[in-house]
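Peer 1: Residues per chain are reported as follows:
Number of protein chains: 4
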Amino acid sequence: MEGDEMLKVGIVGSTGYAGEELVRMLLNHKEVEIKWLYSQSYVGEKYSKVFGNFFKIVDSTCVGGDVDELSKEVDLIFTATPQGYCSGIVNEKLLDRVKIVDLSADFRIKNIDVYKEWYKLDHKSPEFIAEAVYGLCEINRDKIKDARIVANPGCYTTASILALYPLVKEKIIDVNSIIIDAKSGTTGAGRGTSLANLYCEVNENIKAYGITNHRHTPEIEEQLSYGANENIIINFTPHLIPMNRGILATSYVNLNGEKTYQDIKSIYEKYYGDEYFIRLLDEGVYPETKWIQGSNYVDINFKVDERTNRLVVISAIDNLVKGAAGQAIQNMNIMFGFKESEAIFQVPMFP
Amino acid sequence: MEGDEMLKVGIVGSTGYAGEELVRMLLNHKEVEIKWLYSQSYVGEKYSKVFGNFFKIVDSTCVGGDVDELSKEVDLIFTATPQGYCSGIVNEKLLDRVKIVDLSADFRIKNIDVYKEWYKLDHKSPEFIAEAVYGLCEINRDKIKDARIVANPGCYTTASILALYPLVKEKIIDVNSIIIDAKSGTTGAGRGTSLANLYCEVNENIKAYGITNHRHTPEIEEQLSYGANENIIINFTPHLIPMNRGILATSYVNLNGEKTYQDIKSIYEKYYGDEYFIRLLDEGVYPETKWIQGSNYVDINFKVDERTNRLVVISAIDNLVKGAAGQAIQNMNIMFGFKESEAIFQVPMFP
Amino acid sequence: MEGDEMLKVGIVGSTGYAGEELVRMLLNHKEVEIKWLYSQSYVGEKYSKVFGNFFKIVDSTCVGGDVDELSKEVDLIFTATPQGYCSGIVNEKLLDRVKIVDLSADFRIKNIDVYKEWYKLDHKSPEFIAEAVYGLCEINRDKIKDARIVANPGCYTTASILALYPLVKEKIIDVNSIIIDAKSGTTGAGRGTSLANLYCEVNENIKAYGITNHRHTPEIEEQLSYGANENIIINFTPHLIPMNRGILATSYVNLNGEKTYQDIKSIYEKYYGDEYFIRLLDEGVYPETKWIQGSNYVDINFKVDERTNRLVVISAIDNLVKGAAGQAIQNMNIMFGFKESEAIFQVPMFP
Amino acid sequence: MEGDEMLKVGIVGSTGYAGEELVRMLLNHKEVEIKWLYSQSYVGEKYSKVFGNFFKIVDSTCVGGDVDELSKEVDLIFTATPQGYCSGIVNEKLLDRVKIVDLSADFRIKNIDVYKEWYKLDHKSPEFIAEAVYGLCEINRDKIKDARIVANPGCYTTASILALYPLVKEKIIDVNSIIIDAKSGTTGAGRGTSLANLYCEVNENIKAYGITNHRHTPEIEEQLSYGANENIIINFTPHLIPMNRGILATSYVNLNGEKTYQDIKSIYEKYYGDEYFIRLLDEGVYPETKWIQGSNYVDINFKVDERTNRLVVISAIDNLVKGAAGQAIQNMNIMFGFKESEAIFQVPMFP
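Residue numbers (this note's numbering), protein chains in the order written: chain L, 1 to 351; chain A, 1 to 351; chain G, 1 to 351; chain E, 1 to 351.
No wet-lab data here; the hints were simulated from the structure.
Virtual Cβ for every residue (Gly too), placed ideally from N, Cα, C.
Worth double-checking, as some hints may not be accurate.
As the list claims (entries may be wrong) - Taking lysine to any residue and the SDA-like style, the derived pairs with C-alpha atoms no more than 25 Å apart in a straight line are: (1) G/Lys116 / E/Val304; (2) G/Lys49 / A/Asp263; (3) L/Lys116 / A/Asn309; (4) L/Lys110 / L/Asn140; (5) L/Lys303 / A/Tyr209; (6) G/Lys270 / G/Asp305; (7) E/Lys143 / E/Asp96; (8) A/Lys56 / G/Leu281; (9) A/Lys303 / A/Thr260.
As the list claims (entries may be wrong) - Where chain G lies over chain L, by a calculated footprint (3+ residues, C-beta under 8 Å): (10) 198 to 206; (11) 238 to 244.
Bound-form chain L, shown alone:
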């Protein structure tokens, strides 16, 4: 973690699961140096005591205090915190000095009323919402390049939007028919202690939660609406799965007219054929979370149901990588002109 020419970054919320994953992956980055690791709960503690995997690898101690002051030491800040934090620290002066990749929802939603309604929070810096770029790299790559604030997408939303974007864009589906049934590993629930996330409560169990009101719903709707150029309302239902990592999203949509597998495959190829991190699987092979574990890949495939003229689309990501830290680094790479896959080219770990 040294070097003069290196891009210097700071991580706020470094002791959550996404923060930890940022550190793990940034250690592989040839052009980045982690300058400080900020944590509310562990100030003054060795980072390698909080996460034993970094023993003998990361020697830093968690810092706290004035982020504005700390921002002077870095070129970019990752905020891997609950909502309400990042919007509370940004201001013109700060943005003169550093760029920000915010892993929370603060700058994901353009309509401030929608933000208030779903997050039950007043937005602390609405004046920056307009310029913030939604950091779904494969869709917004060009805008990301010059952004000062990148709103890193949510985990469910990344898996969902990438699965459906080409379909709404090409208008081959009924946009009023979208239903997304998503399943997530438990790292998605964060590292905070709670009864619901205890081992014995999650293990050997599956449940739906946030039915009809999960906060990722408006985020998916907004982005798909941009793609469709019309207002889209969806059903989104997340489920908690007894595994650590991974999201599988199963999307159901009504096709406009009859389409073959190949018709639809060409559309996906048009949008994603050159994308490094999106893998359109071979016909008949469907995404499984284990095949993308620990990596920044998005695996997608689909099946036409001729009996109902519906399309079933399956997409899989690692929620901590493409759904959080990996995509945040991908955004940074785009913002600073690094190779887009730097530090996040990692072969998925199996098993």
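Following the hints, complete the assembly by docking chains A, G and E onto the known chain L.
Peer 2: Below, chains A, G and E alone, put in the same frame as chain L:
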């Protein structure tokens, strides 16, 4: 396992997971004696060697050979085998002697062409299809009483049909809009050895399978069609979950007109309010598989999504109990006039 | 939960895992009625909201307040609480009215200094230590019959002592050589929220803890010392395993002189041959926790290592049943002259 | 996988878990090109169909046929096969062309009678046993440099020997007192289909196996005997844990005389202080498998039990990395003068 007045039963396929669960639960039955345990793979082996939980509890040895001959010793046979078996052994003579609860699909589907199409099998005794009763106890209780052959429903189908039956019966939903996204523990895949079911392949993974063509689809369709009195075609997508037991089915349907939670709750109560094994949870509480583990309960709840006027229904069962052995015993209890909950009243085990 | 002739019991700590298991099993008891469910954290809440498995089965609401007052309604109190609680409520008047089965360590250890040293607590009612009976049913059955206070053994200790008791009693091993390496499912850590017990921290992980200083050590030592009639010091190392239930204890001891498998088997049979809940497995078959899951059984087997003249003994229990609630009920059955297996005869659930 | 100056390697047994891990890690190697992937079961199939994680990453097809012929295309062969394979292919001509890292047991044990006794196999090329080097890198680094055949150590053995080597070498323990209780994730059982390794059989279960006769026993004994310069016999008991990766070995030894934590720590530091892949944890912090998951690290710590004058040593590795593929690459790096950590410096993945 003795007694003169006891009902005598035999179990074919006793060394699969469903067969084992039948034995476990029947041991609690006050009026039933297990006469023999039939197994293709373990003939001559101590049953308690195949399943160590029965050590010092079950002293029997697995039998093989001529089921017709063995049928003379019993009053009822459970066939917990792959499809094609039960239809191969039934005949008038056999049915004069014994009743049959078949846990395979052989007698679930009335339309023999549908059976052939989805199961890729010729039916070996089509002449008995008409009289066989579909053993979904809460729906077909009266017919089950006098049945000679009961076709015990599939696991996914039980969870799915019970969730949707009152809705189609009362015609409050668009029957063309039914989408069922189901998730099952791995006992559903059986005890046969296969790469896909190895621990390291299932653990830390989730995948969809049988997309648009899982064999439980026509079974759900047929039963819901009876309820609706019109032909219903659905989308059904099962997923494999890294846990042993439990099915959670998340169903999405479009409401005909606006309905409140209470409107719909009254409909469920009309059908299930007196049902011992169906639990309509309190508003805002949704089924989780851990709350019904090891028991014959079906937990159901739902939420109206006013934004899309869709209904999301969640149902949970233990696939080995209400989805297999428990319901088979419930059927037996109904057929022989025993208390319906005998041997299958068991408080779910948590955690 | 009614009946005039029924034994009335109250459960303090009813909202922990052991308390919940007590309720689950007592519901099967023909002669017992649960009068109240005491909970510090959930006073006034429906018990079936705390544990959804009891929905439509248990209608009670958690009570709090003065246990002394509540004791007037019952014949026996189970205290499934942290240490320091039970010793704080017992007194002569209370014991005139009710018997107590304490699932904590308060009355397990006769030497008060040892208690203080290992538990870092002053004992609040040392005057009752002498009369309290250590409730390891298979060893102390006769004393339990007349006890007013039964100290229900710890989970690790039950698995460990039962494995080694016949060996020390018959003096066939070097009592200075005892090493116990134990592995426990995570329910053993309780239902309190803590970072260490979060799903993602326990899943896909194994660790040792309490190395050389786990509190079950002196309890094992004391009981084995009674058996050996000499002072025994052991090494005991527990490990946390990613599963819900079950303890496997692997014990290593040096044999005094050469012994065959059969020599040692006869000794175990002498002590446990008639014990309902202890299963001495067939030669070559070793305990696995799945074979006793959900049951009160203790499975034991061993192997002589001729190369080192050591004996390796394997024992398995369900920590929540024989290691807590099941044994507590077994103790109650003995104390009140019920059939010893009443309510706790349950076939282990597999898988 | 191209390049002229690159070292060319072939992998036999490439479709097992260890073979897959070799591929995953070698893809990060700057100086190595995988020339062919040999597989008995999947000849002619796309490697990325066998392991979906390699989709769009590895384009190769599995080869079969004459290994001798294939050996002409490479500089080194990894044999990740069952025992009996490698000893069947080595000969002078082959070794003139290529070096071999054998992940099986064929060349681990110098005494051919011991090999026969424990592996029930006749050795097919005993003439090469003497020159083969036991590839425990931290112990045998110098010999490995010039070896033609490296016998890559077993997974349990790596965790066990590294934990105990300094202690026997420095003669601070009673070499007759060594007891190793080891716990392994299920990848250790391989990818072959078997009832015992099905998800539902392993999940929620723990068992000991190979009690007193596991084949890694003589391997540990031989290496520790070299260290001690006297014959050592041990007790070794492995256990199967419901997790994918990781081994935790808990070793118990009697100290010769009194020793403090610091005394012993200095000894470990003397041997391992400069070792890149061995991490001697801080006092009071004990190894957990999650902290080394996916990495080549070995975490070690220990505790002195003053009450019994025993030492409890805990060591953890990832069985597929330091216990198989990672160490194999480490050996290759040493043999060919590459940076020892090349391709296997990977931060452990958490969670």
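Peer 1: Hint by hint, note whether the structure agrees.
Peer 2: Hints, verified against the model:
Distance hint between G/Lys116 and E/Val304 is fulfilled; the C-alpha atoms sit about 22 Å from each other, no more than 25 Å. A threshold of 25 Å between alpha carbons decides the hint, and for G/Lys49 with A/Asp263 the separation of about 24 Å falls inside it, so the pair holds. The hinted pair formed by L/Lys116 and A/Asn309 meets the criterion: a straight-line CA distance of about 23 Å does not exceed 25 Å. Of the pairs offered as hints, the one joining L/Lys110 and L/Asn140 holds, with about 15 Å between alpha carbons and a cut-off of 25 Å not exceeded.
Distance check on the hinted pair: L/Lys303 and A/Tyr209 sit about 11 Å apart at the alpha-carbon level, within 25 Å; holds. About 22 Å separates the Cα atoms of G/Lys270 and G/Asp305, which keeps this hinted pair within 25 Å; it holds. Proposed proximity of E/Lys143 and E/Asp96 is supported: the alpha carbons are some 18 Å apart, at most 25 Å. Distance restraint check for A/Lys56 and G/Leu281: the Cα-Cα separation of roughly 9 Å lies within the 25 Å cut-off, and the hinted pair is therefore satisfied.
For the proposed pair A/Lys303 and A/Thr260, the alpha carbon gap of about 9 Å is at most 25 Å, so the pair holds. Counting residues of the segment 198 to 206 of chain L whose beta carbon lies closer than 8 Å to any beta carbon of chain G gives 7, which reaches the threshold of three, so the coverage claim holds. With 3 residues bearing a CB less than 8 Å from a CB of chain G, the segment 238 to 244 of chain L meets the requirement of three and the coverage assertion stands.
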